[in-house]
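Novice: Following the hints, complete the assembly by docking chain B onto the known chain A.
One line per chain: the protein sequences are A and B, in this order.
Note that the first sequence ends on residue 426 in my numbering; no numbers are left out.
Note that the second sequence ends on residue 426 in my numbering; no numbers are left out.
No wet-lab data here; the hints were simulated from the structure.
Be careful, since some hints might not be right.
Chain copies aren't distinguished; within one or between two, either way the pair holds.
Stated by the list, open to error - Here are the simulated lysine-lysine pairs, BS3-like style, with alpha carbons at most 25 angstroms apart:
#: 1; residue 1: K120; residue 2: K110
#: 2; residue 1: K287; residue 2: K370
#: 3; residue 1: K47; residue 2: K363
#: 4; residue 1: K270; residue 2: K120
#: 5; residue 1: K20; residue 2: K287
#: 6; residue 1: K117; residue 2: K181
#: 7; residue 1: K185; residue 2: K270
#: 8; residue 1: K110; residue 2: K370
#: 9; residue 1: K324; residue 2: K2
#: 10; residue 1: K2; residue 2: K20
#: 11; residue 1: K370; residue 2: K408
#: 12; residue 1: K185; residue 2: K408
#: 13; residue 1: K2; residue 2: K120
#: 14; residue 1: K181; residue 2: K110
#: 15; residue 1: K324; residue 2: K49
#: 16; residue 1: K355; residue 2: K370
There are 2 protein chains.
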Amino acid sequence: MKSVGVAILGLGVVGSGTYKILRDHREFYRQTQGVDITVESVLEINKQKALALGIEESKISDNIAEVISNPNVDIVIEVIGGVEPAKSFVLAALHSGKSVVTSNKELFCKYWHELEKAAKRTNAGLYFEASCVGGVPIIRTLIDGMQANVIENLTGIINGTTNYILTRMSREGLGYETVLKDAQKLGYAEANPSADVEGYDAAYKLSILSSLAFHTKVPLDKVYREGITGIQAQDITYGDELGYVLKLLAIGKNGEKGIEVRVHPAFIRKDHPLASVNDSFNAVYLKGDSVGDIMLYGRGAGDMPTGSAIVSDVIYAATHNDVKYATFKNGAAAEAGVKFVTDFKSRYYIRFTAKDRAGVLAKVAGIFAKYNISIVDLIQKGEDCENIPIILITHETNEYSVRRALEKIGALEDVVSVDSMIRVEV
Amino acid sequence: MKSVGVAILGLGVVGSGTYKILRDHREFYRQTQGVDITVESVLEINKQKALALGIEESKISDNIAEVISNPNVDIVIEVIGGVEPAKSFVLAALHSGKSVVTSNKELFCKYWHELEKAAKRTNAGLYFEASCVGGVPIIRTLIDGMQANVIENLTGIINGTTNYILTRMSREGLGYETVLKDAQKLGYAEANPSADVEGYDAAYKLSILSSLAFHTKVPLDKVYREGITGIQAQDITYGDELGYVLKLLAIGKNGEKGIEVRVHPAFIRKDHPLASVNDSFNAVYLKGDSVGDIMLYGRGAGDMPTGSAIVSDVIYAATHNDVKYATFKNGAAAEAGVKFVTDFKSRYYIRFTAKDRAGVLAKVAGIFAKYNISIVDLIQKGEDCENIPIILITHETNEYSVRRALEKIGALEDVVSVDSMIRVEV
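Just chain A, with the same shape it has in the complex (with noise of 0.2 angstroms):
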C-alpha cells in the first residue's frame, strides 16, 4: 500500500480540523482509497494546543526548516493564511519537491503564478480545492467535471460571515450593524470584520474561480468589489414585498465584449435556488454551455468542512500522478488580448425619498427616460408624510446611465435624498 506522510503548517481552526479528520479516518482511507497518510510533523508555536490533539511530542516543530526537511514528508498542508509567512513557507516546501495543499485565497488569488511555477520546477504538485467555498468541491469540479464545457457565467453566495448577516438581517428585520455584533459574538464574523462585509474575501475567491472557469488569469484587482456595510434593513424589507431577497453575489461572465467579475449586494428572486441558500451556507451556480444550469451547494467555512477539501486535495495528490495543477496559459497578469468589462448591466432597485408634491414622479421619469431607462415596478409608501419614499425597479440598462441618472434626480428641488441603489440579479 502506498504511504504518504503530511505535514500541517498550523494548527488554527482549518489545520485542528484537517488533523482530527486525518487521524480518524486513517484506517478507512486505507480501506477506500489504497492509501495510508499519516501526520508526520506539525509547525505550532503553541505546543500544548497540538499535544491537547494528541500528537506526539516528537511531531511538533516551531521550525519550518526543520518541518519541510523531514524526509517522511511528502505533502505539506498550509492553513496559516495571509501572505507572509505562508508564502515563503509553500515555496521553501515547493523548493524541496513537496508537494503543497492549501487553503489560502488570499495568497494563492496573488501569487498562483509564481507559486506554480516554482512547484512545476521540482515536478511538485499544488493543490487549492480549499480556498475557494470550503468542503464544497467546485475547484475539482470546474476542472474535472465541467471540463468539456465553454462556462459562460458563475454567481456564487461565497462568503459566509456576510450570507449569515444578511439572513437574519431578512428574517429578523434587524439592522446590519446589530447582527454584526451577534454574528460577531457568535463567532460568525471577526473582531476586525472587514475582509469579510467588505468583500475582499468574495473577491479573492472570485478571482481564483473565474480564472479557471474562463481560462485565463483574472487578477484580483480587476474584480469590482463593494461589501455590505452599506444595506439598511428597510431596502431588505421592500425588496422582500417585491418578490426579491438580498444576497452577497460573487458574479463572473464571459461574454462577447470580454470578461466582466464583481462582488457587491444584489436582490435575487425569491424562486431562483440562490434564495435558499441560507446562514452560513454557500452555493455557486454555474452555467456552461453544454451542460446548462448546475449549482453546488454546502458549506462555505468551518473546521471540518474546509479540512475535508484539503484532505480530499491529500488524496487526489496520492493517488493522481498526472494531474498536477489547474493551470491557464498565461501568467501572474491579464492577459494581453482579454478585454474585461466595466460598466456592466443590470438591473437595478433604486429608492429615493421625495417630497409629497404633484410633479416629483414626472419629472423623475423625465430624467429615466433621458437616459433611456426604463422602469418595472414602482411603490410608493406612506402617502400621509411630508417626505415619502419611493422604490422602483428598472429594466436591464447599464451602470453608467443609472449613476448619471441618479445624480440628476438627487439634484431635484423635491427630492430629498437618494437612498439606495441595489442591483438586482438573476
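Specialist: Frame of chain A; chain B shown alone:
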C-alpha cells in the same frame, strides 16, 4: 499534443449531442486541455442521420467489429442504452483494450463488476459519469471531491420525467394521467413511461450512486422501489397546506443498522433546498461526516447535459492515466457482512375517509397508540358531508407499524377507506 480518437456507438439523442459537443469544441479542448479529440468512427444503421450531422461517410459503420478494430479509436462511447447489444459491444471494446465511456445506467448497475473485470484485464479505462444524473458531476464528486468523507446519506431527485410530472401536478393541481399525457406529447416522457414513472430508472441510479457512496456493492434487488402512478392530486394539495411538496426521492443511508436504499414518492419541507428542484431538474443532497451537507443541482437528462458528462469523461480518460475505475472491494453481489435495512423508519402522511360520526377519531387514535405511533398534525376536512377526509402526519416510526395500524384502521366500521400513505422525509 496528445491525440485521442473516439468512436460513438449509436447516434440517438445522447449520441448526437455528444458528437456535436466534440465537433464544436475541438479547438477549445486543444487550447484548454492540451488534447486533440477527434471522432474517428460512429456505429449507426441510419446512415442519413450520421451524414446530416456532418460526419464523413468513411467514418460511418454498421459493423461493431469494424468500429472497434479501427486503430485510430482509443475510446469507445456507448450510448445505445439497455442491456443488449450494448453489453456485448462494451465487452468487445474492453477486450481489445479500448477504454469505454458509457451513459448506460441499466447496463452499469447490473453488470458493473463484469465490465470492470474485463477492463482491468486489458488495462482499459471504464467511465460512467453520464449514467447518473445527466450533466451533474455527481460521480466525479463522489470519487474525487468527497472521498475524504464517510458518507452517511444521500437523497436525490434523480429522475427528470417524474419530477416534471410532479412539478406540474403541484403547480397546476392537475391529475397524474393528464400531466403524463402532456409530458408524452412534449417529449418529457416515453410512450411506454414505466421505466421512469415506476421508479426503475431512479433505482438503477441509486444502486450505482449508493455503491460508490458507501464503498460496497448495493445490488439493484436491494433497492425498495415505488413509483408515482398512484399519486392523487388531492394529496399534493393537502401536503401543500401542511408545508410540504411531493417529490420522487431516491434515498440511501448507511448507518449502524446497515444500508437502506429506497425509491418512492415523499413529502419534503418547502424550505429544504431539494424542494426548489423543479421541472426536469435533478439534484443530489449528500451528507458527509466531515463536510456536512452538500447539494449538486442541474439537468439530469437531455442530449447536451448528458453529452457534457460523456465528454468530461473522455477528457478525464485522456488526461488521467492512473485512475481508471471507481472500484469497490466486493464483486457483483452484496458483500457477506453488509446488512440491508428493510423495515425502515420515516414520518408518514396518511389520508383516510371516515363517516362523520362521533368517536371515530378516538378509535383511530387508539390504534395508533397501540402501535406506538404518535401524531404531529391532523386535518379534518369538509365537516358538512357524510364522509369526511382525515389527513394526519405521524412522528418518525417504523414502516411495519404503520402498515399494521392502517390495516386495523381500514377494518373499523366507521372508516370508509384508507386512501393514501406517503412518507415524509427531510
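Novice: Take the hints in turn and mark each one as holding or not.
Specialist: Quick rundown of the hints versus the structure:
Taking CA atoms no more than 25 angstroms apart as the test, K120 paired with K110 passes inside one copy only; the shortest distance there is 18 angstroms, against 43 angstroms between copies. Taking CA atoms no more than 25 angstroms apart as the test, K287 paired with K370 passes in neither setting, with 34 angstroms inside one copy and 54 angstroms between copies. Taking the shortest Cα distances, K47 and K363 never come within 25 angstroms of each other, neither inside one copy (69 angstroms) nor across copies (66 angstroms). Taking CA atoms no more than 25 angstroms apart as the test, K270 paired with K120 passes in neither setting, with 46 angstroms inside one copy and 49 angstroms between copies.
Taking the shortest Cα distances, K20 and K287 sit within 25 angstroms of each other only across copies (18 angstroms), while inside one copy they are farther apart (36 angstroms). Within a single copy, K117 and K181 get their C-alpha atoms no closer than 43 angstroms, and across copies no closer than 59 angstroms, so neither meets the 25 angstroms cut-off. Within a single copy, K185 and K270 get their C-alpha atoms no closer than 29 angstroms, and across copies no closer than 31 angstroms, so neither meets the 25 angstroms cut-off. Taking CA atoms no more than 25 angstroms apart as the test, K110 paired with K370 passes in neither setting, with 42 angstroms inside one copy and 66 angstroms between copies.
Taking the shortest alpha-carbon separations for K324 and K2, both the intra-copy value of 18 angstroms and the inter-copy value of 17 angstroms come in at or below 25 angstroms. For the homomeric pair K2 and K20, the shortest alpha-carbon distance inside one copy (21 angstroms) is at most 25 angstroms, but the shortest distance between copies (41 angstroms) is not. Taking the shortest Cα distances, K370 and K408 sit within 25 angstroms of each other inside one copy (11 angstroms), while across copies they are farther apart (75 angstroms). Taking the shortest alpha-carbon separations for K185 and K408, neither the intra-copy value of 43 angstroms nor the inter-copy value of 54 angstroms comes in at or below 25 angstroms.
Taking the shortest alpha-carbon separations for K2 and K120, both the intra-copy value of 23 angstroms and the inter-copy value of 20 angstroms come in at or below 25 angstroms. Taking the closest pair of Cα atoms, K181 and K110 never come within 25 angstroms of each other, the shortest separation being 31 angstroms inside a single copy and 56 angstroms across copies. In the homo-oligomer, the alpha carbons of K324 and K49 never lie at most 25 angstroms apart, since the shortest distance is 32 angstroms inside one protomer and 41 angstroms across protomers. In this assembly of identical chains, the alpha carbons of K355 and K370 lie at most 25 angstroms apart only when taken from the same copy (22 angstroms versus 69 angstroms across copies).
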